[in-house]
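All chains, full assembly: derive it from the sequences and hints.
Same order as they appear, the protein sequences are chains D and P.
Numbering-wise, the numbering used here comes out as the position in the first sequence, counting from 1, plus 24.
Numbering-wise, the numbering used here comes out as the position in the second sequence, counting from 1, plus 24.
Each hint can be trusted.
Repeated chains share a single entry, so a pair holds when one copy, or any two copies, can fit it.
In silico EDC-like links for lysine to aspartate or glutamate, alpha-carbon gap of 20 Å or less:
| hint | residue 1 | residue 2 |
| --- | --- | --- |
| 1 | 279 | 216 |
| 2 | 92 | 132 |
| 3 | 76 | 122 |
| 4 | 279 | 178 |
| 5 | 279 | 298 |
Derived from the structure by calculation, the hints contain no laboratory data.
All values derive from a computational prediction rather than experimental measurement.
Number of protein chains: 2
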Amino acid sequence: MSTTRARSFVSKFPWASTPFIIGAPMRVMSGPNLALAISKSGGLGFIGPGAKPADIHTDLATLRGLVKDAPPSSLPASFASSKSLLPVGIGFQLWDGDVESASQAVKEYRPCAAWLFAPRDGQADLDTWTSRLREASPDTQIWIQIGTVQEALDILQGKTRPDVIVVQGAEAGGHGRVDGLGIITLFPEIADALGDSSGIGLVAAGGIADGRGVAAALALGADGVVLGTRFLASTEARISKGYQQEVVRATDGAKSTTRTMLYNQLRGTTGWPEGYSPRGILNRSWHDHQAGVGFEELKRLYAEATKQGDVGWGPEGRLATYAGASIGLIHSVKDAGKIVSELRTEASDIIRRNYSRL
Amino acid sequence: MSTTRARSFVSKFPWASTPFIIGAPMRVMSGPNLALAISKSGGLGFIGPGAKPADIHTDLATLRGLVKDAPPSSLPASFASSKSLLPVGIGFQLWDGDVESASQAVKEYRPCAAWLFAPRDGQADLDTWTSRLREASPDTQIWIQIGTVQEALDILQGKTRPDVIVVQGAEAGGHGRVDGLGIITLFPEIADALGDSSGIGLVAAGGIADGRGVAAALALGADGVVLGTRFLASTEARISKGYQQEVVRATDGAKSTTRTMLYNQLRGTTGWPEGYSPRGILNRSWHDHQAGVGFEELKRLYAEATKQGDVGWGPEGRLATYAGASIGLIHSVKDAGKIVSELRTEASDIIRRNYSRL
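And the structure:
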């Protein structure tokens, strides 16, 4: 099980409160404003990969500006004490990432953590990226997202060791392992596979959207809890209104979301390594596909829908709406800072309640 | 969220300790010895459906004998205080069950709870069974197992109300909903759908095999926690040695188990209503099937394997090995009473640890 020793990675984020809440690096949608709002509220926000590798420089420059220009009283005092690291992390999608550009950005901006995901060549790629980013900024923590026991065993055999492993369960939104499993089983089995001696921090992701999920992840042994979809419904998310409203509207995660490559194909997203697929909310594209409408026709209708603005999303919409199975637990758009503090309060109340029942 | 009021159903089991551990009614494998051992240790054991409906009478008679003949000092004193109900529950698989025979058994033996599962005709069947069993034994609690939000909504619209709903997540072994979801998301969404006012107790099942899973389920709001696969590896389980050893041996639940109808077809189990499929451990039958071996040949090899005793199970075996995704968390056969008390200790330690970290 995860030990107090492993939790020492959290001490590198002196502004962080308990329970430790982390905002996932969702591609494009997790921008500097969202990431900073999460960190300001005592969590750790990650900026997601941009539409193109160069965007990371823009986003980090923006973030640095936001921190520099903010009235000092509006920021946690401990932001200043973290060895001049930026108080947010940055996410890299390895298979289409550029390690040169990433290293330069990490060297120049020194985010406090770099989250590596979806290598094309498994542990070898993770080793390369880990080494290069550590050269660029030795104090930047390396976080690696996995979704299978085998990936955990591969890390133990690798040339480098991450500071933190993110264990992503099958209920997560966006891309994850096709051969995954729910976090209730996956997290403890990976924790056991790593063993107490690995010294690697372990955080849980996937299907968590409120204080109940946070408290459950902590019970499984997580040192911190990652939320993605919940932050799609935050004021600061870099997301279209129609997309965001659909995350708020949709219920019944088992019925209204699934893992499918259909939307990747319709929007022309190609090149993902084998073994990954995205979860998203089902809409007209899916239902027509199930009803036998041909791919070319679906693609034409998809292209039309991209021109329709916010009505492109929703049950009668056609656009990709990547989101996790937790959508049924999300009922309104809130400021990210409020989401973080409510998650902590809810989870803490649950822990106190269950303690009082012993 | 689940309230203290809903937890009042637990008070009907005066021998029960906190956290409340429940042994699932696994078909044939959960016999009287296993169920009684779980209840004796402060949990609630369920006897599973037998190979044929009449077996339930035999099993309940055996159970009654075990309780009657045991030295009083070997049983919890509070067994006697539960209105002369038997201190175990009984499980009914509705689609091939016989409500007449079931009512007679419940009337004669008065188990403290009856667990209803897999109706052919949805809520209508559940209403019929609930009414009939309540007529037969008004103090016997009615527990209903579901795996989707829709089933919870159907219960709210039904003519009868169960005392307890068992929310089964997709990681569970044996038969469950094909359209299910991991418990991390499914449980809170169903709890919200039912609302605080339903007065129905809520327990969690699926993918839980140790104290971490128990503590996580309690954090999600469960009033009790159901384990099945963990008890397959108990001394008292009515299971072949080869099957049991495979549950202990297998690891990596995502890779070594799946939901498939193949084993039902090979062993000639037909008639399950649509919407259900079983999870089991993969073996030669599956891998040959994937490699293109024809069904008739697979069936012939399966029939041969049934004559080979314990070597019919295992990675090179061919027999159905229904089990949950939690198999990687199970490493030895133990007495059921020890399993129950260890689960409570582990979960309590986790709750105390997380409380101390607040």
